[in-house]
Amino acid sequence: MNQEINPITEEAIQAIMEKHKRTISMFIHELRNPLSLIKGTLQYIEMKHPETKDYKYWNQIFELINDMEKMISDASLLNSCTTLNIQESNLLSLIQDLVDNYMPQAVNQKKQLYIKASPECEQSISSYPCDATKIKQAISNLLKNALEATNEGNYIEVLINIDSTSAHPLLSIQINNNGKPIPEDEIDEIFKPFVTHKKGGTGIGLALAKFIIENHLGSIRVSSSDALTSFTILLPL
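The opening residue of the sequence shown carries number 1 in UniProt numbering; numbering runs sequentially from there.
Honestly, the hints are just simulated from the structure, not real lab data. It cannot be assumed that every hint is accurate.
Okay, derived cross-link-like pairs now, DSBU-like style, lysine-lysine, Cα gap no bigger than 30 Å in a straight line [claimed, not checked]:
#	residue 1	residue 2
1	K70	K116
2	K53	K70
3	K110	K53
4	K70	K56
5	K39	K180
The model shown is predicted, which means the values in this text are computed figures rather than measured ones.
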């Protein structure tokens with residue numbers, strides 16, 4: 001006798017996600033506590049025995065601990081992005097504020113940073129339903145990545161348009177730069193958590209941006225050549 005299989009409801013999916021989130025939170029907590037204890041113990045040893053600073057691998061031990069702490073914090077941040085606080089937000093103002101925040105860094109590094117929004121999109125995103133804090137985090141991560149990829153004299157541009165090429169119009173937020181291109185064999189890996197080709201990085205920034213945008217039912221596309229590297233966020237309207 002065949003049993004009828006009930007379709008998975010939205011409530012069931014949400015319950016599974018919440019259980020998954022709690023499990024990861026518990027795992028993060030169990031990692032963070034002993035690591036803090038180890039770091040505190042080493043700091044106490046250093047205070048009581050200053051000569052330990054001369055030990056060949058002493059600083060390297062602290063660097064490894066700091067890297068692990070950052071990875072745990074990034075994992076916690078990624079885990080927190082499963083829940084969205086959706087409210088009507090002025091997305092154009094949010095992006096403009098972000099660009100303004102990064103402007104001093106760009107000027108100091110002698111890079112050009114500017115934003116262009118098409119007139120047709122201004123009204124469409126003046127009141128856009130999203131989790132503004134998380135969208136801000138995603139775009140900020142892409143801007144930070146673009147600034148790190150460029151050198152003195154390069155530019156970063158943020159282009160906001162309506163993409164009407166698909167069946168339903170999409171909001172397009174394109175972040176371009178003419179800095180160092182992404183090698184073709186690395187493009188498929190850049191959105192994977194904890195995969196990084198940057199010294200001192202944890203590889204979470206782009207993964208987090210992708211996760212946030214996909215949670216808003218959007219997507220991120222990337223293309224890179226010697227002339228231009230482009231990250232394009234597409235969000236439903």
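Taken at face value, is the distance from the CA of K53 to the CA of K110 at most 30 Å? violated, 38 Å
Given the proposed pairing of K70 with K56, does the C-alpha separation stay at or below 30 Å? With a Cα-Cα distance of about 23 Å, the restraint between K70 and K56 holds, given a limit of 30 Å.
Would you check the hint for K39 and K180, treating anything up to 30 Å between C-alpha atoms as holding? violated, 37 Å
Checking one constraint from the list: CA of K70 to CA of K116, max 30 Å. Satisfied? Violated, at roughly 34 Å.
Satisfaction of hint between K70 and K53, Cα-Cα up to 30 Å: Distance ~23 Å between K53 and K70 Cα, so the pair holds.
Violated hints, listed in ascending order, are 1, 3, 5; each of the other numbered hints is respected by the structure.
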